[in-house]
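Order-wise, the sequence lines are chains A and B. Using our numbering, read the first sequence as starting at 1 and increasing by one per residue. Using our numbering, read the second sequence as starting at 1 and increasing by one per residue.
Don't take every hint at face value.
[Said to hold, decoys possible] Simulated coverage check for chain A against chain B, where a stretch passes if three residues somewhere in it have a Cβ under 8 Å from a Cβ of chain B:
id, region
1, 15–21
2, 102–112
[Stated by the list, open to error] Examples of chain A residues lying across from chain B (beta carbon under 10 Å, computed):
id, residue
3, 44
4, 45
5, 49
6, 64
7, 71
8, 91
9, 92
10, 121
11, 133
12, 140
[What the hints assert, rightly or not] No farther apart than 16 Å at their CA atoms in a straight line, the calculated lysine to aspartate or glutamate pairs in the EDC-like style are these:
id, chain 1, residue 1, chain 2, residue 2
13, B, 9, B, 86
14, B, 9, B, 23
15, A, 31, B, 106
16, A, 31, B, 23
17, B, 26, B, 106
18, A, 64, A, 85
For the record, the hints were derived by calculation from the structure and aren't laboratory data. Just so you know, even glycine gets a beta-carbon here, dropped at the ideal spot from N, CA and C.
Each chain, letter by letter, is given below.
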Amino acid sequence: MAAPVCMEYRIEGNNFMVAGTASNNIKNTLKMLGIQSDVCRRAAVIAYEAEINLVIHANGGILKAVISEDKLEISTEDEGPGIPDIDQAMTEGYTTASNQAREMGFGAGMGLPNIKRNSDLFEIESTPGVGTKLISTVFFNK
Amino acid sequence: MKIKDLCEKLNADVHATGDPERDVTKAAAGDLLSFIIGTVSEGSAWITIQAHLNVAAVAVLKDIPVIILASGRKAPPDLIERCRTENICVASVSESIFGTCKRLSDLGING
Ligand SMILES: Nc1ncnc2c1ncn2[C@@H]1O[C@H](COP(=O)(O)OP(=O)(O)OP(=O)(O)O)[C@@H](O)[C@H]1O
Ligand SMILES: [Mg+2]
């Protein structure tokens, strides 16, 4: 089996104009590796939503993608404010986005639900005052 | 309807042509980016008043071939540039989102 391909990006906080540069990079790499287009599309949504959350909620953080033989794992880690109530954060429409972020069209409260819907496995772990970790896995079709 | 015909019928100010011959049969309207990501069907036209770089990022994610900026919103240069690179049409219309949706509906394009 080929060695896994790892990509890691440091995402800057509060710069709304990064416009998903890292997630676009991940998607292009997946395409280049010849990964199925359905997986590429789902991965692109997951990576974009995760990247934007780092920007607008967490003062930045790390976005990672690891491609192995049978799956793709997209994860984030940040030292932002954390999420006190995960169930509430996962509810469509719930948002704490700033007015500035909302003016730009963020804050539908649909990013995490979009990530979950596109994932085969989805884990989120958060400690208020410490930070948040998210892992999303997409399996390749056989 | 072809993208070039659609732009013409809407009297749109076209900033980037995208693929003028590509056919569009559906459309979605909205200004909340993640809502569009979660609900739009691929290949749809998108009508919005959001006019910044993230709009192109969403269009790329969802294979949206044409972005209509309503209520006279202008496209900033970086948005136009990105749309050109990604072969996405971006155009401004003076009409509101509502008016534009009505026009598209009259042209046989539906949600
Ligand atoms: N990395 C994070 N750090 C801290 N809080 C977060 C993080 N990610 C999400 N949240 C919290 O969870 C809420 C819901 O996140 P979600 O991505 O679903 O919606 P949103 O980012 O508010 O809006 P949208 O994604 O629709 O633009 C956020 O408003 C925020 O309170
Ligand atoms: Mg979000």
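Consistency of the hints with the structure:
no., hint, in the structure
1, 15–21, "holds (count 4)"
2, 102–112, "holds (count 8)"
3, 44, "holds, 5 Å"
4, 45, "holds, 6 Å"
5, 49, "holds, 7 Å"
6, 64, "violated, 19 Å"
7, 71, "violated, 21 Å"
8, 91, "violated, 13 Å"
9, 92, "holds, 8 Å"
10, 121, "violated, 19 Å"
11, 133, "violated, 21 Å"
12, 140, "violated, 20 Å"
13, 9/B with 86/B, "violated, 24 Å"
14, 9/B with 23/B, "holds, 14 Å"
15, 31/A with 106/B, "violated, 38 Å"
16, 31/A with 23/B, "violated, 24 Å"
17, 26/B with 106/B, "holds, 12 Å"
18, 64/A with 85/A, "violated, 24 Å"
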